[in-house]
Amino acid sequence: MNIWVAFGALIVGVIVWFLLVKRLSTRSWERHGSSVHVRHGRGDVGEVGVPPARIALWVFLAVITSLFGLFISAYFIRMGHGHGAVHGISDWHPVSKPPILWFNSVVLVLSSAAMQAARHSVRLNQRGRVRGYLFAGGAFAILFLTGQLAGWHQLRDSGYGLTSGPASAFFYVLTGVHGLHLLGGLVVWLKTAARMRTRAVELIEVRLSIELCTVYWHYLLLVWLVMFALLLST
Amino acid sequence: MAYAAIADRDHTHPLHEPKSFLTRYIWSQDHKVIAIQYTITAIAIGLVALTLSILMRLQLGFPHSFSLIAPQNYYQFITLHGMIMVIYLLTALFLGGFGNYLIPLMCGARDMVFPYLNMVSYWVYLLAVLILVAGFFVPGGATGSGWTLYPPQAILSGSPGARWGIVCMLASLATFIVAFTMGGLNYVTTVLQARCRGMTMMRMPLSVWGIFMATVLGLLAFPALFVSAIMMTLDCLAGTSFFMPAVSSMGQPLGYNGGSPLLFQHLFWFFGHPEVYIVALPAFGIVSDLLSTHARRHIFGYRMMVWAILAIGCLSFVVWAHHMYVSGMNPYFGFFFATTTLIIAVPTAIKVYNWVLTLWRGDIHLTVPMLFAIGFIFTFINGGLTGLFLGNVPVDVPLSATYFVVAHFHLVMGVSPILVVFGALYHWYPKMTGKMLDDTLGRIHFWITFIGTYMIYLPMYYLGILGLPRRYYAWDEAIQFIPPSVHTMNKWITVSALFVAAVQLVFLFNLVWSLFKGKPAGGNPWRATTLEWQTPDTPPVHGNWGERLPVVYRWAYDYSVPGAKEDFIPQNVPPDKLAPIGHAQGQK
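Chains as they are written, first to last, in our numbering: chain A, 35 to 268; chain B, 339 to 926.
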């Protein structure tokens with residue numbers, strides 16, 4: 035239950051921070067400074083320099099944070115609250131973690147690193163490298179997803195199906211939801227990669243897509259590492 | 339890097355104007371068309387929910403007179419009525435409807451920042467509504483587990499629709515959340531990024547503030563419902579035991595083991611309580627603008643209003659378990675959540691005081707939107723004050739399962755927001771269509787709705803204090819302590835409900851009739867200051883603003899400024915166009 039309160043506090047903290055940053059203290063009804071330019075200070079009207087897609091991505095990351103945060107709270111609550119048919123005995127039995135998860139984690143780190151390299155190469159305007167790294171980033175992500183599927187098979191073969199117990203059910207759900215998010219990222223990646231294949235497209239036109247993909251990849255890596263640590267420790 | 343939503347019209351990159359009927363009205367990416375699509379769909383499904391409520395009332399007022407309402411139907415009606423009203427009508431209408439229409443127009447943008455995503459959001463919402471309706475027709479019928487869908491009963495064979503009905507409901511909710519997330523990303527990003535020059539955050543009309551904050555709440559709270567929908571679907575279809583404890587049905591163990599129904603309640607209400615404010619905050623914002631415009635007076639305490647919206651938004655995440663005092667959770671939590679619940683009354687009360695003080699010495703025009711806005715204040719106070727009773731654990735425990743709760747939440751989050759919806763439709767219909775809604779029909783609609791809802795819900799408080807249990811299909815011999823007068827009261831409530839439902843048809847008639855025969859509205863019939871009334875065309879055309887975007891020089895509430903020629907100064911009037919204020923004041 036503590037985790038719930040902590041989660042609430044986190045949200046409150048974020049919003050309070052937002053309040054402070056935005057300085058909601060303007061006396062907008064007063065008439066000082068008749069020129070519009072005075073009011074058009076930094077951080078006010080839609081900063082034309084920040085692309086809306088970047089803002090939208092960060093908002094979306096907040097939504098996913100909420101989603102995974104709630105899954106993880108549910109995980110803890112189910113661990114603590116669950117009682118077996120005999121009252122007082124927990125029905126939570128840890129599952130044996132498929133060893134392939136370690137390999138998958140390395141692959142996802144590589145995927146994220148490749149995306150970062152692609153983003154860096156865009157800045158250096160090295161077209162060939164961008165294509166190479168971008169392709170590698172996506173390929174590693176696909177390899178990761180395949181590895182996760184293999185992990186599911188290993189788990190099932192060692193006797194932990196979806197209905198074997200809460201720990202294994204959560205294992206499938208958490209990895210599944212994470213995988214679906216990565217799959218969604220791959221759709222955007224595929225669109226970007228397809229655009230890169232046309233000779234006419236300038237790097238500047240895909241710069242934003244590559245940057246946002248990279249941020250998303252790093253974020254999903256972070257989520258995976260948190261979840262992996264959670265699964266290993268319980 | 340300029341982009342379409344905040345760019346002056348650039349002929350080298352024309353906005354992709356719709357050419358055919360299909361792209362203009364069906365697959366439209368124009369925020370105004372999408373807003374109207376959302377509104378019509380929400381009202382249509384809302385009428386289904388209204389019909390369900392009438393069927394329930396007929397059963398309660400005249401038990402056993404209608405053979406088509408069997409007990410399992412009654413529970414299906416309760417479930418669908420609640421879910422539709424809260425999510426598919428109010429949430430969709432305030433955010434998808436008014437959010438879509440007002441955000442770009444009030445912020446001075448040409449459209450949402452992601453018009454395509456916006457269009458997809460509507461179509462996915464429509465899909466969610468269709469899946470919901472499909473629930474009625476699957477084997478076993480719609481789910482009858484109550485709108486809170488509590489396990490284990492939601493998926494046990496005793497409940498109606500325990501197999502496919504509940505799956506349809508969960509699938510529909512998940513789809514709705516996907517649609518909402520797409521729309522919500524748009525609303526937040528548009529407010530943050532597409533405001534026109536001069537429109538600082540602290541010059542935004544409170545409608546935009548309310549919708550903005552409600553969207554933030556929705557984006558953070560709906561995942562809780564999504565999580566519970568996924569896990570409950572797995573419990574139902576795959577046989578996992580996230581929420582399902584070891585349970586036997588008809589003497590047979592069902593194979594579930596160890597799940598926590600309380601976990602579902604925590605997840606559900608972690609969404610469910612912010613949901614109250616997802617509905618209420620846009621209503622708060624819109625009603626502030628209606629009161630200010632029709633009282634010809636600036637909103638009292640603008641900054642305080644913004645802060646109150648934000649404070650309510652934050653606090654709404656730490657009060658959820660006040661819905662669970664009787665759930666068997668750790669009693670110490672009750673203390674914490676009762677405290678936060680009473681704290682949230684503070685910013686809410688500040689808003690109410692500010693509305694009343696806005697009216698104080700205002701030049702009040704009792705137009706139809708104003709009537710609804712004032713009706714809202716009354717109803718919200720009535721519903722809200724009884725919330726203080728229910729927020730306290732010792733008072734809530736005996737009242738929780740009675741009609742007192744039904745009256746409380748219907749007044750505070752049913753009738754109050756709906757009154758704002760009506761007020762807002764009367765207020766903005768002239769901008770949406772170029773025609774005024776008929777005034778007389780509007781007044782009939784208001785008075786019967788307003789008085790009628792009191793005839794329905796005030797007696798329910800009394801019934802609740804008598805101890806009349808809610809959720810019952812009929813109170814026959816089983817409940818001996820209920821005096822016969824309760825049945826008379828129930829008849830009264832049902833008849834009142836019939837009147838209120840019937841007068842909504844007058845409203846629908848007015849919507850259609852005025853579209854063809856209404857008085858032409860002109861660009862700014864209410865003489866309002868906000869930007870949506872300053873568009874070059876009414877209804878605004880694609881791109882909203884003609885060649886040049888508006889530039890904002892002042893806040894949204896310059897009404898009855900001393901010395902000004904008119905009693906309102908639109909936000910986009912530059913200071914050099916005004917009469918010299920010092921001179922005019924000197925003449926007084």
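What the hints contain is simulated information worked out from the structure, not anything from laboratory work.
Positions of the beta carbon are idealized from the N, C-alpha and C atoms, including for glycine.
Do not take every clue at face value.
Taking beta-carbon pairs under 8 angstroms as the criterion, some of the chain A residues facing chain B (in silico) [stated by the list, open to error]:
no., residue
1, V84
2, A96
3, E245
Violated hints, by number in ascending order, as checked against the structure: Hint 3 contradicted; others consistent.
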